[in-house]
Amino acid sequence: MKNGYLFAAYAATWIIHIGYISTIVSRYARLKREIEELKKS
Amino acid sequence: MKKAFPILGVLTAVLLSYALYQALVVAPTEQTMGDVQRIFYYHVPSAWTAFLLFFINFGASIYYLAKRKTAADIVALVSAEVGVVFCTVVLITGPIWARPVWGIWWTWDMRLTSTLVLWLIYVSYLFLRRFSSGGQTPLLAASLAVIGALCVPFVYFSIWFFRTQHPQPVMGGGGSIDPRMLHVLLINWLAFSCFAFLVCWSRYRLEKLQREIDEAHALHSLLAPRGSSR
Numbered sequence: 091m092k093n094g095y096l097f098a099a100y101a102a103t104w105i106i107h108i109g110y111i112s113t114i115v116s117r118y119a120r121l122k123r124e125i126e127e128l129k130k131s
Numbered sequence: 011m012k013k014a015f016p017i018l019g020v021l022t023a024v025l026l027s028y029a030l031y032q033a034l035v036v037a038p039t040e041q042t043m044g045d046v047q048r049i050f051y052y053h054v055p056s057a058w059t060a061f062l063l064f065f066i067n068f069g070a071s072i073y074y075l076a077k078r079k080t081a082a083d084i085v086a087l088v089s090a091e092v093g094v095v096f097c098t099v100v101l102i103t104g105p106i107w108a109r110p111v112w113g114i115w116w117t118w119d120m121r122l123t124s125t126l127v128l129w130l131i132y133v134s135y136l137f138l139r140r141f142s143s144g145g146q147t148p149l150l151a152a153s154l155a156v157i158g159a160l161c162v163p164f165v166y167f168s169i170w171f172f173r174t175q176h177p178q179p180v181m182g183g184g185g186s187i188d189p190r191m192l193h194v195l196l197i198n199w200l201a202f203s204c205f206a207f208l209v210c211w212s213r214y215r216l217e218k219l220q221r222e223i224d225e226a227h228a229l230h231s232l233l234a235p236r237g238s239s240r
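Sequence lines, in order, name chains P and A. All residue numbers for the first sequence refer to my numbering, where the first residue is 91 and numbers rise by one. All residue numbers for the second sequence refer to my numbering, where the first residue is 11 and numbers rise by one.
Excised from the complex, chain P in its bound form (with noise of 0.2 Å):
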């Protein structure tokens, strides 16, 4: 049962950085678009 809490801990610190760095990849992919749109108009 001890070891679950050391999943969780390893689990739960991945989850934070994966979660922040698929935060930052959604805003570049957004302003990957936002530059298209101002070179087109």
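In short, the hints are calculated from the structure, not lab data. Each hint should be verified, as a subset may be incorrect.
Straight line, CA to CA, 25 Å or less: simulated DSS-like cross-link-like pairs of lysine-lysine [as the list claims (entries may be wrong)]:
no.	chain 1	residue 1	chain 2	residue 2
1	A	K13	P	K130
2	P	K129	A	K218
3	A	K77	P	K122
4	A	K13	P	K122
5	A	K218	A	K13
6	A	K12	A	K218
7	A	K77	A	K218
8	A	K12	P	K129
9	A	K79	A	K218
10	P	K122	A	K12
Covered by chain A, according to a simulated footprint, are these stretches of chain P (three or more residues, beta-carbon under 8 Å) [unchecked claim]:
no.	stretch
11	94-107
12	116-123
Here are the computed distance ranges between Cβ atoms for each label pair [to be verified]:
no.	chain 1	residue 1	chain 2	residue 2	range
13	A	W116	P	S112	25 to 35 Å
14	A	E222	P	G109	24 to 34 Å
15	P	R120	A	P189	46 to 56 Å
16	P	A101	A	L229	13 to 23 Å
17	P	A101	A	T80	31 to 41 Å
Since we're looking at a predicted model, the values are computed, not measured. Each residue gets a CB set at the ideal place from its N, CA and C atoms; glycine is no exception.
Since chain P is already given, all that's left is putting chain A on it; use the hints.
Relative to chain P, chain A alone:
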């Protein structure tokens, strides 16, 4: 620079995998806590990395207040944001460790409470940056960052000043640690520091791009004929 990023990314991924292997397999099992003590190899490096990032935020904010350089403002914003992510990891992994060891998830002990207050200060800093649109926002944020940074040594040394349940600090405290555990801890810190550096680098590029686009939008709306929208 474009080639350096993927190379550093691969090296960091290898280092993080090696650090994980060291934490789960190589590090000796602690006698009283057992395997749950291995949470320490993620909890403590995350705390040190958060403190380091808040220190960088402090330095960049002071520099911004003195010189008004946009790059310093971006460094301050990025280091605070990534620092909050690492501080969140600390606040999540700490209670997961405390439940099997102390029998409780949380206690209003000085170290835990001051860490939560520190997190709230930097979250308020990010809210200020996100929702305030005035020209004075970077100045106000830099001032708040200076106050926030003053809390970092208080959080670290709170164990000395107050009676607390939290274990003694590994560095500069009265706690002792097996040299093999210290070795694994330092490898994990190195791995998480490299990871934080890469995330900050990506976020810096993103913020710079965002500001360039905002300027382009502003210029575009100035040059556009009246009545036309963006």
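Each hint, compared with the structure:
With a C-alpha separation of about 29 Å, the suggested pairing of K13 (chain A) with K130 (chain P) is violated against the 25 Å cut-off. At roughly 18 Å between alpha-carbon atoms, K129 (chain P) and K218 (chain A) fall within 25 Å of each other, so this suggested pair holds. Of the pairs offered as hints, the one joining K77 (chain A) and K122 (chain P) is violated, with about 31 Å between alpha carbons and a cut-off of 25 Å exceeded. Taking the CA atoms of K13 (chain A) and K122 (chain P), the gap is near 20 Å; set against the 25 Å cutoff, the hint holds.
Using a Cα cut-off of 25 Å, the hinted pair K218 (chain A) and K13 (chain A) holds, with the two alpha carbons roughly 19 Å apart. Restraint check for K12 (chain A) and K218 (chain A): the C-alpha separation of about 15 Å stays at or below 25 Å, so the hint holds. Of the supplied pair hints, the one linking K77 (chain A) and K218 (chain A) holds, its CA atoms being roughly 18 Å apart against a limit of 25 Å. Using a Cα cut-off of 25 Å, the hinted pair K12 (chain A) and K129 (chain P) holds, with the two alpha carbons roughly 23 Å apart.
For the hint linking K79 (chain A) to K218 (chain A), the alpha-carbon distance of about 13 Å falls within 25 Å, and the restraint holds. Restraint check for K122 (chain P) and K12 (chain A): satisfied, since their Cα atoms lie roughly 17 Å apart, inside the 25 Å limit. Counting residues of the stretch 94-107 of chain P whose CB falls under 8 Å from any CB of chain A gives 9; the rule of at least 3 is met. Counting residues of the stretch 116-123 of chain P whose C-beta lies closer than 8 Å to any C-beta of chain A gives 3; at least three are required, and the coverage claim holds.
Remark: the range hint 25 to 35 Å for W116 (chain A) to S112 (chain P) is upheld by a beta-carbon distance near 28 Å. Separation of E222 (chain A) from G109 (chain P) is about 26 Å and conforms to the stated range, judged on CB atoms against 24 to 34 Å. Remark: the range hint 46 to 56 Å for R120 (chain P) to P189 (chain A) is upheld by a beta-carbon distance near 48 Å. Our hint of 13 to 23 Å for A101 (chain P) and L229 (chain A) is violated, since their Cβ atoms are close to 46 Å apart.
In this structure the supplied range 31 to 41 Å holds for A101 (chain P) paired with T80 (chain A), their Cβ-Cβ distance being about 38 Å.
Violated hints, in rising order: 1, 3, 16; the structure is consistent with all others.
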